[in-house]
Each structure stands twice: as structure tokens, then as C-alpha cells.
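Q: Start from the sequences and build out the full structure, keeping to the hints where you can.
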Amino acid sequence: MTASVVTAAAGPSRPRRVLPVVEIVTLAAMLIAPFALDSRPELVTLATNVLILSILALSFELCWGYSGIMSFGQALFFGVPGYVIALVGRDLEFSHIWGTLPLAMAVGLVLSGVFAIFLFIGRRTPTPIFIALGTLTGSYAAERLVSGWQYVGAGNGLSSIKLLQAGEYEFVEGTAFYFLALGCLLAVYLVSRFLTRSQLGLVLAGVRQNEERLAFFGYRVQLYKAIVFAFAGMIAGLAGALYSYHQGFIGPGNMGPGLSTMAVIYCLFGGAGTLIGPIIGTASIEVLSYVLADIDLVKRFWPVILGLVLLLVVTFQPSGLLGLFVSARERIGSYRWRPRRGESGG
Amino acid sequence: MSLLSVQNVGKVFGALRALDGVNLAVEANSFHGLIGPNGSGKSTLLKAIAGAHFATSGTITFDGHDITLAPPYERARLGMSLKFQITAVLPQLSVYDNILLALQAGQPVWSLGFSKTRRVAHPNVMRALERFRLAGRADDLAGELSHGEQQWLEIAMALAREPKMLLLDEPTAGMSPQERRATGELLQPIRASCALLIVEHDLDFIKDICDTLTVLDGGQIVASGPTKQVQEDPRVKEAYLAHA
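Chains as they are written, first to last, in my numbering: chain A, -2 to 343; chain B, 0 to 243.
These are calculated hints, taken from the structure and not from any lab test. This list has only true hints and no planted wrong ones.
Here's a subset of chain B near chain A, in silico, CB distances under 10 angstroms, partners left out:
id	residue
1	G50
2	E73
3	T116
4	H121
Glycine residues also receive a C-beta, built at the ideal position from the N, C-alpha and C atoms.
A: Laid out in C-alpha cells, this is it:
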């Protein structure tokens, strides 16, 4: 290697990074929360719900924030696995954690994989509108289908879902379920973080910016999108199963456009393309909803206030709450190989 | 057998016949220029060869493979590379990452998830940047480069995987005379390993670097052959140089 290459490899000093600090603070808050909220069990339930919905938000984040796939039907891959594990509990009396959570992920993966083949793998390049409408239609059609299907409880959904078991232990609402949800979120986050910072993440960053350019490099762009979409569906499936067990209920609304839209809003509100942003967005929106619903003065029209706040953020701060602190450069990241001490390229 | 062979290719857009029975052959390691007045079908032909759109009739073969209806990624994997007319670098990625992205295009999807390729690719990335005088700007965003530097970056990206053929659509558009001269110098060394098919308006530039020329007018070939011979062809003078 020439001297100039070595010099260039060292490169200029890198800008200060904010995201790792946000990640550490968020993790610390999540670890402390159940102990700080110990005297208010309803808040532990709310916090658990935030963690589960954060997993759903992360699944949308991988689609939109990292791959430019506008999935308006992400709840479909959340709701269907939720129904499947509820039915397995009811009809087969099986709810063991090592069986049902992987089953839910497999259902999410297969369902989103089938959708991915339909949406992405064709001769023509699908437009963003086609993807948005295709996923929205899937979510809407599934909601309508289960609403009229007695076997799955029709409009009432399925309730009294068998508790999640690990050996003899049964997970009920509370601290144990909170840490189970936190463990799942952490695992999903770390895998997503690893993938988005790998060379695969570089391809996705390229896809977001100029899909056509990547195709002319030799990338089968639609295949990459299909893989990410299917992986995101698997993650949503895990969230759907946790939600069913935690709430003891799953209904048509949990796979419809309403929840799908919330996944979009969680992500945009917190800041797409950061991974941690959608988690902060989910927590902010869910906590704000809880607080506003409890204030006498606004409890009747709090959804309107929440809607206005979301509209203002999305309109005037399109990079979300995290965009206030994190530069665009840091969000996109760098995929350059940098030598460690005593190491040289080659 | 020619590296690229275009046989009787036609392209119709609604009522417009943009290409009509075009035949073209490009040999390995040769520099072939494609010229003609505005609207003559040069870019349409280049796009049909690259796969940006498909020919309505005729066949295109590349390195022994029929690619007439192959998608762009398949053509790229066979060793064809394209530089767009409008600069298409990835502006929000660093200059380094732009090259790395081009370089790793041949890797299987699963291997990219583990990032083992990053360290191995590093010397090649730096070599490509050095060759196009961009090593000092490796960490800058591609969008921060000057227009000429962005054109070089895109040529470096197109050449990163050592293609058998490079298609260049007006590479010197918007460049200063110095940058044009430098571009010609930067392209010369690739002749040893790569053929070049170039669409260009700058006749002086194309005469300097191309061995053979094809002249298009109204979607049809007017003349094709060694550069000197085509330059002297009266039909070319009438069809193209009169417009220039």
C-alpha cells in the first residue's frame, strides 16, 4: 500500500456522535422504569405496552427508515401472528414461550414473505404508491375478514388468551412481563443495529437514495427490499404475540389500518433512520396519550390535541424529535473500514 | 466475435420511432464513440444496451449472452457498467462509501450482513479514489464535490468492479476544458482491460480518445468505422457536422 493510501485511511477526525448517548440513556431509563413505577402497576403495564409497540415501530423503521419501503400495512404482520398464538392457546392449549414466540415470528416471516413476492419480485419495478396501497389494502382486507369470521371471534376478537408459559412459570402483567418485552426489544434492536451498520446497511442507504443507480451496479434491488420487508414482518410477528399475551386479547383493530398508521407515526415522530427514534416516538406518543386522557379539561378531545402535535412535528420537523439533536450525516452513517490500532488494510 | 453486438434494434415510443434497424459492434478493449445531432437516438440506443429500457425489436448480445430483455443487474453482472448522463452519485453517502457500494455489488446478500468484505475491499476503494484524484476527499459527502469531481467519482464507481465494457453517456457535460482534458487522460489506462462505448457531444474529445465511431441520425446509422474514415464521410458531414 502506498504512503498516501495509509494517510487517507486514517482520515479526518470524525464528527461527535449523539446517537450512542441517546441509546445508553434510553436503555438506562428502560432498566430503571419498572422499579421506579413499582407502586403504580398500571404504569408498568403502560411501559410494557410501549416496549411491545416499539418492536412494531422498529419493524416499520426497517422498511421506511432504512429501505424506503412505505408499508402502510405493518399491523397485518402484527395482528395475524397475534391471532395465531391466541388460537394455538385456545384450541391446542399450548402457550410455551419456546414454541409460540418462534411460531409467531415464523408466521410473520411467511406472511410478509408472500407479500414481498407479490409486491417486489416482478418484471416491473414497483412504485412507492403501489407498495403503500398494496400493504394498506392487505391490512384493511384482513381486518374486514376477521371482523366477520366467527371462528376467530368476529368483531369481538379473541379474549382470555392462555397465559404465556416458561416451564411452570406463567407470565402475567407486571415486572416479569416487562423484562421479557424489554429482552425481546433489545434483541430485535441489536440485530437490526448490526444489520443496518453492516455492508447490507450501506446497500439499503444506497437504495433509499437512488434505486436505479444500484441496479446498474448489479444489485438486485427488489430482492434486497423483499428480504428487509420479510425480516420486518418477522419482527412485527414477535410484537403481535407479545401483545396478545400481555393484553390477553387480540381483535380486528390490531391488524387494521389504524394500528398500521400508528406504526408510521411512531417512527416519523421519533425520527426515521435512527433505530432509536421510533422507540422514543412510541414512548412519547403513548405517554402523551395516557397523560392527556387523564386530564379532566382535555379528556374528551385529547385525540385532537395529540393529532395536532403529531401534525406539527411531522410538518415542521420531518426528521422527527431526534432530528433536533442528530445530524443527517450521523443518521446515514459511515461504512468505511477503519484500521484498529496496529492494524493495516490489505 | 464482438464483445457487444446490436442487431437490427428498433425502439418505438408511441408514434415516435426512436431507433430503426440499428446494427452496431464493439470489440473488446476498443473505444467506440456514438455521435449524432440532438434527437438522433444516441442515448436511446445506450439505454437499450444498458437495460434502462428494452428494445422493441432486434437483439443485443454481450459477451456471448443475449441480453435484449435482461434487467440491468444481470447486464452488470455480465460485466457491463454504465455512467448516467445526469450525475447519479449518492450525494448523502461519503465518497468512500460510494466506491465501496459499487465495489461490493458482486457479493452475495448473506455475506454483506457480516461485513467481512469491508476490510478486504479497503485497498481497492483507496486505489480507485487515488486513480481519480479523489483520495483526499474520501470522507466528504459525494454531494459536496464539484460537478467535475462528481463525474469522476461516477466513472470511478462504474469502473470499480473492472467491467468488460463501460457505457458513458456524455461524461464531459458541464466540465471545464481542463476537466475534459483530465477526463481523457483518466480514461486512457482502462483500454487494457475494458471496452468503452461513449456518447458525447464534444467532437474534439471523442476524436482524441475513440478508435471507431458510429454516427446516428433520425434513429438510423449514417456511418460507422474507424474514426478518421468516418470523419471524412460526406454523409456524416451533412447529417451531423452541419448541425454542430
